[in-house]
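*Asks:* Using the sequences and the hints, build the whole thing.
So for the sequence shown, our numbering puts the first residue at 1; every next one is plus one.
Rather than coming from a laboratory, the hints here were simulated on the basis of the structure. Yeah, the Cβ is synthetic: ideal placement off N, Cα and C, and Gly gets one too. Keep in mind that a hint or two might mislead.
Stated by the list, open to error - Ranges between beta-carbon positions, derived for each pair:
1) G197 x W101: 24 to 30 Å
2) G28 x S251: 32 to 38 Å
3) V108 x T175: 43 to 49 Å
Claimed, not checked - Derived DSBU-like pairs (lysine-lysine); straight-line CA-CA distance at most 35 Å:
4) K290 x K29
5) K36 x K24
6) K290 x K24
7) K36 x K290
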Amino acid sequence: MHVVAGVLCDDRDRVLIAQRPAGKHMAGKWEFPGGKLHPGEDPRTGLERELREELGIDARVCEPLIRCRHRYPERTVLLDVWRVSHYEGIPVGLEGQALRWLEQAQLVDADILPADRPILAALQLPPFYVISPVLDSAHDFVTGMPTDESLVQLRQPQLHQDELRRFVESVAALTTMDRVIINGAPQTTIELARDVGAAGVHLPSRYLDAPVPSHADLLIGASCHDSEELERAVAIGADFAVLGPVQSTPSHADAVPLGWTRFAALADQANLPVYALGGVVRTDIQRATKAGAQGVAGISAFWPT
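*Replies:* Below, the structure is given as structure tokens:
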């Protein structure tokens with residue numbers, strides 16, 4: 001079943017969700033407004049129709065946010081999600097459904113449909129994911145961090161476990177950690193991230209089969225190179241993945257690049273937000289999002305030299 005959904009925000013940046021009415025599949029749960037496409041209907045056209053029928057609004061500016069699939073026991077849903085950045089009218093539940101406007105931070109506690117859960121991460125994540133090079137000091141990390149809202153991965157693979165903790169604690173003494181993702185083994189980095197107030201942790205692909213401690217309060221990223229690793233990332237509860245290399249890169253000269261066509265095919269099947277990595281720069285953002293990416297990630301083209 002092919003479904004479209006729209007993410008609408010009000011002037012206070014709250015997000016609109018609707019409650020499924022009695023008599024519908026999974027009645028009582030909350031979802032992003034939308035509905036089933038008609039046979040042969042274009043997703044954008046279907047979204048505009050559904051929002052008009054359900055909410056009485058006219059969607060004017062829409063852009064793709066994420067596509068995801070969810071298997072219920074009785075059906076499989078393909079969900080096309082769009083960010084509706086401009087619309088005319090005031091949303092009203094024309095089909096008897098209750099509506100709520102929630103802060104983005106409140107969405108995680110709402111009784112959201114399982115199929116809609118990947119949307120929460122896609123809303124939370126920025127378009128740029130900056131990865132640190134090997135650095136000499138915590139000061140170098142702090143001074144190199146971008147000043148925009150990019151997510152920043154603290155990656156120092158040359159450090160042993162205790163050394164990494166000291167490095168991270170030194171960074172935390174110099175700056176806030178709410179945009180920092182700590183790279184490493186889940187058994188150590190999850191506790192460390194909580195201790196310093198980091199946004200989350202990033203798991204290298206070799207840890208995708210490792211047990212992952214409870215992490216509902218943290219973002220979990222995963223490095224992936226193929227469809228199998230993307231499936232494993234979803235299975236361990238990752239919130240997003242980095243997929244590559246998309247193009248040739250000197251740091252991984254022996255790796256065969258995916259290319260944008262293959263990247264798009266993998267991202268479309270991923271069921272979580274995916275960043276494009278490898279041979280990409282900030283100006284590739286439009287190409288990446290057109291290929292279904294959440295955004296772009298990298299080291300050399302993103303970190304100041």
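*Asks:* Decide, hint by hint, whether the structure agrees.
*Replies:* Checked hints:
For G197 and W101, the hinted distance range of 24 to 30 Å is satisfied, since their beta carbons lie about 28 Å from each other. At roughly 50 Å, the beta-carbon separation of G28 and S251 lies outside the given 32 to 38 Å, and the hint is violated. Checked against the hint of 43 to 49 Å, the pair V108 and T175 fails, with Cβ atoms roughly 25 Å apart. Under the criterion of a C-alpha separation no larger than 35 Å, the hint pairing K290 with K29 is consistent with the structure, at around 31 Å.
As the CA atoms of K36 and K24 are separated by approximately 13 Å, the hinted pair is consistent with the 35 Å bound. With a CA separation close to 34 Å, the supplied pair K290 and K24 stays within the 35 Å bound. At most 35 Å may separate the alpha-carbon atoms for a hinted pair to count; K36 and K290 meet this at roughly 23 Å.
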